[in-house]
Amino acid sequence: MSSYSIQSQNLSKLFGRRLIFKDVNFNWTEKGIFGISGPNGSGKSTLVKIVAGLIAPSSGKIIHKNSTVEIIPEKLHNHIGFVSPYLVLYEEFSAWENLKIFAKIRGVDFNEEKVIYYLTQFLLENRKNDLVKTYSSGMKQRLKFIFALMHSPEVLIFDEPTSNLDEEGKKVVYDIVREEGKHRIVIIASNEIKDLELCSEILLLEKFK
Amino acid sequence: MIAESYALFKKDFHSELRTRYAINSLAMFIIVAISVILFSIGNETITESLTAGLFWVVIFFTAMSGLSRAFVSEEERGTTLTLQLIASPTTVFSGKLIFNLILVFCMNLVIALLYSALFEKFVVQNFPLFLLTFILGNIGLAVASTIIAAIIAKAGAKGTLYPVLSFPILLPLILTCVQLTLFSFDGTSFEEAQFELAIVVGYDVIMFTASYMLFDFIWKD
Numbered sequence: 001m002s003s004y005s006i007q008s009q010n011l012s013k014l015f016g017r018r019l020i021f022k023d024v025n026f027n028w029t030e031k032g033i034f035g036i037s038g039p040n041g042s043g044k045s046t047l048v049k050i051v052a053g054l055i056a057p058s059s060g061k062i063i064h065k066n067s068t069v070e071i072i073p074e075k076l077h078n079h080i081g082f083v084s085p086y087l088v089l090y091e092e093f094s095a096w097e098n099l100k101i102f103a104k105i106r107g108v109d110f111n112e113e114k115v116i117y118y119l120t121q122f123l124l125e126n127r128k129n130d131l132v133k134t135y136s137s138g139m140k141q142r143l144k145f146i147f148a149l150m151h152s153p154e155v156l157i158f159d160e161p162t163s164n165l166d167e168e169g170k171k172v173v174y175d176i177v178r179e180e181g182k183h184r185i186v187i188i189a190s191n192e193i194k195d196l197e198l199c200s201e202i203l204l205l206e207k208f209k
Numbered sequence: 001m002i003a004e005s006y007a008l009f010k011k012d013f014h015s016e017l018r019t020r021y022a023i024n025s026l027a028m029f030i031i032v033a034i035s036v037i038l039f040s041i042g043n044e045t046i047t048e049s050l051t052a053g054l055f056w057v058v059i060f061f062t063a064m065s066g067l068s069r070a071f072v073s074e075e076e077r078g079t080t081l082t083l084q085l086i087a088s089p090t091t092v093f094s095g096k097l098i099f100n101l102i103l104v105f106c107m108n109l110v111i112a113l114l115y116s117a118l119f120e121k122f123v124v125q126n127f128p129l130f131l132l133t134f135i136l137g138n139i140g141l142a143v144a145s146t147i148i149a150a151i152i153a154k155a156g157a158k159g160t161l162y163p164v165l166s167f168p169i170l171l172p173l174i175l176t177c178v179q180l181t182l183f184s185f186d187g188t189s190f191e192e193a194q195f196e197l198a199i200v201v202g203y204d205v206i207m208f209t210a211s212y213m214l215f216d217f218i219w220k221d
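If you're matching them up, the sequences are chains U and G in order. All residue numbers for the first sequence refer to our numbering, where the first residue is 1 and numbers rise by one. All residue numbers for the second sequence refer to our numbering, where the first residue is 1 and numbers rise by one.
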């Protein structure tokens, strides 16, 4: 897991004629917590989506490697755990059903013990059988962390990880981020000073205009 | 890949049972369309060719009212990103295609049963030919509808765009299926219907191959 690397080569993104960022280069080869920061509209979410393979860059390349083997885009989702406020889970299912469905669609075993551990960590164990539509925005945000962690990906991408969370929720998230940063690459896109304090390296997007 | 696609189909199936996104609109459309046709016919007896044409017209418009839900519902609920994070494009397309195939078969079976009960000239002489036309037509309809649904899901005016984009793509299939249905009504043999059958088989194969090749580009922005 520690030999995973992400390399960005002259990454640029335009929406129509509007330049979001250009020539972003980084090479994250070590496990750790990496930050992406910048003012509103600087392209933090766009960059993490490109890193996760969800959208394509206008130019440049993002390379994910496991040891020396480059990961093909078709399989990239298996290596990524993603949390963001704009991620929506299936509201007509319970938290438990959601997580079980995700495991089956991913083609991985549904490890009940692990899921219960995370549900307890994120203070959702007693509400696991309730439909997600009955959850508060903070509870939905915590559930997204379990969604990101349950398949033990090599890369964790957290876009605005503490949005909608109360102090208790933030503490749980920070503990998890610190712990996961010891074993894998964790990327945090945020403007929150407390979120960025966890990072060993911060990419400032306003420099890439 | 098959197990993952089946899991995605099961998710859609259970989701459909809880939300009734597509089933209700399909059922209502079938009832309304057939009722309107019956009222407009009155006591007149319509010809076999008109019956075959109206049969596929109802099938086409029913498909237009419900089959886009496969992708549109994901886009409207904002769960497209979630799907992109848990499955490969091939898995997503296969899962959605299985769901639409089953929906199309169920929906068209109901339409065929209602037609055979309510329309005097809906009498099939060559049942194997009708069955083959029905199966091949449904496969073509499901594949084309699924890929078009994926294309229009991100567009603004989805409701208008879906039938507009589907019409030229589905026209060769619908016209050939109308002809084959007419052949099955008047008892034409398989040998005589060979050319039309080859068109439908060719259509299905082309749509199936093109859809899998194109979906990767459609799915990712």
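Because the hints were derived from the structure by calculation, they are not lab data. Computed from a predicted structure; not experimentally measured. Worth double-checking, as some hints may not be accurate.
BS3-like, lysine-lysine: derived pairs with alpha carbons at most 27 Å apart [stated by the list, open to error]:
| id | chain 1 | residue 1 | chain 2 | residue 2 |
| --- | --- | --- | --- | --- |
| 1 | U | Lys-75 | G | Lys-154 |
| 2 | G | Lys-10 | G | Lys-154 |
| 3 | U | Lys-140 | G | Lys-154 |
| 4 | U | Lys-209 | U | Lys-170 |
| 5 | G | Lys-10 | U | Lys-128 |
| 6 | U | Lys-61 | G | Lys-220 |
| 7 | U | Lys-104 | G | Lys-10 |
| 8 | U | Lys-61 | G | Lys-158 |
| 9 | U | Lys-75 | U | Lys-104 |
| 10 | U | Lys-100 | U | Lys-61 |
| 11 | U | Lys-170 | U | Lys-75 |
| 12 | G | Lys-220 | U | Lys-22 |
| 13 | G | Lys-10 | U | Lys-140 |
| 14 | G | Lys-220 | U | Lys-114 |
| 15 | U | Lys-104 | U | Lys-114 |
| 16 | G | Lys-220 | U | Lys-140 |
| 17 | U | Lys-100 | G | Lys-10 |
| 18 | U | Lys-133 | G | Lys-121 |
| 19 | U | Lys-207 | U | Lys-171 |
| 20 | U | Lys-65 | G | Lys-10 |
| 21 | U | Lys-65 | U | Lys-128 |
| 22 | G | Lys-10 | U | Lys-75 |
| 23 | G | Lys-10 | U | Lys-133 |
| 24 | U | Lys-133 | G | Lys-154 |
| 25 | U | Lys-207 | U | Lys-31 |
| 26 | U | Lys-61 | U | Lys-22 |
| 27 | G | Lys-220 | G | Lys-154 |
| 28 | U | Lys-128 | U | Lys-61 |
| 29 | U | Lys-75 | G | Lys-220 |
| 30 | U | Lys-171 | U | Lys-140 |
| 31 | U | Lys-182 | U | Lys-140 |
| 32 | U | Lys-209 | G | Lys-220 |
| 33 | G | Lys-220 | U | Lys-104 |
| 34 | G | Lys-220 | U | Lys-100 |
| 35 | U | Lys-182 | U | Lys-171 |
(Q) Check the hint pairing Lys-61 of chain U with Lys-22 of chain U against an upper bound of 27 Å on the C-alpha distance. (A) 12 Å, holds
**Q.** Given pair status - Lys-154 of chain G, Lys-75 of chain U, alpha carbons within 27 Å
**A.** It holds: about 24 Å lies between the C-alpha atoms, which stays within 27 Å.
Q | Distance restraint between Lys-61 of chain U and Lys-220 of chain G, which requires alpha-carbon spacing of 27 Å or less | A | 15 Å, holds
Q) Are Lys-182 of chain U and Lys-171 of chain U close enough, with their CA atoms no more than 27 Å apart? A) 17 Å, holds
**Q.** Hint consistency between Lys-75 of chain U and Lys-104 of chain U [alpha-carbon to alpha-carbon, up to 27 Å]
**A.** Answer holds: Lys-75 of chain U to Lys-104 of chain U is near 16 Å, not above 27 Å.
Q | Straight-line alpha-carbon gap Lys-220 of chain G to Lys-140 of chain U, limit 27 Å | A | This hinted pair holds, its Cα atoms lying about 25 Å apart.
Q: Below or equal to 27 Å on CA atoms is what counts here, so check Lys-133 of chain U against Lys-121 of chain G.
A: Status violated; Cα separation ~50 Å.
Q: Decide if the proposed pair is consistent with the structure: Lys-171 of chain U and Lys-140 of chain U, CA atoms, cutoff 27 Å inclusive.
A: 16 Å, holds
Q: Would you mind confirming whether the straight-line C-alpha gap from Lys-75 of chain U to Lys-220 of chain G stays at or under 27 Å?
A: Holds: Lys-75 of chain U and Lys-220 of chain G sit about 14 Å apart, inside 27 Å.
Q. Straight-line Cα separation of Lys-182 of chain U and Lys-140 of chain U no greater than 27 Å?
A. This hinted pair holds, its Cα atoms lying about 26 Å apart.
Q. Are the Cα positions of Lys-140 of chain U and Lys-154 of chain G separated by 27 Å at most?
A. The hint holds at about 25 Å.
Q) Lys-209 of chain U and Lys-170 of chain U: Cα distance at most 27 Å? A) 32 Å, violated
The structure fails to meet hints 4, 8, 10, 11, 14, 18, 19, 20, 21, 28 from the earlier list, while all remaining hints are met.
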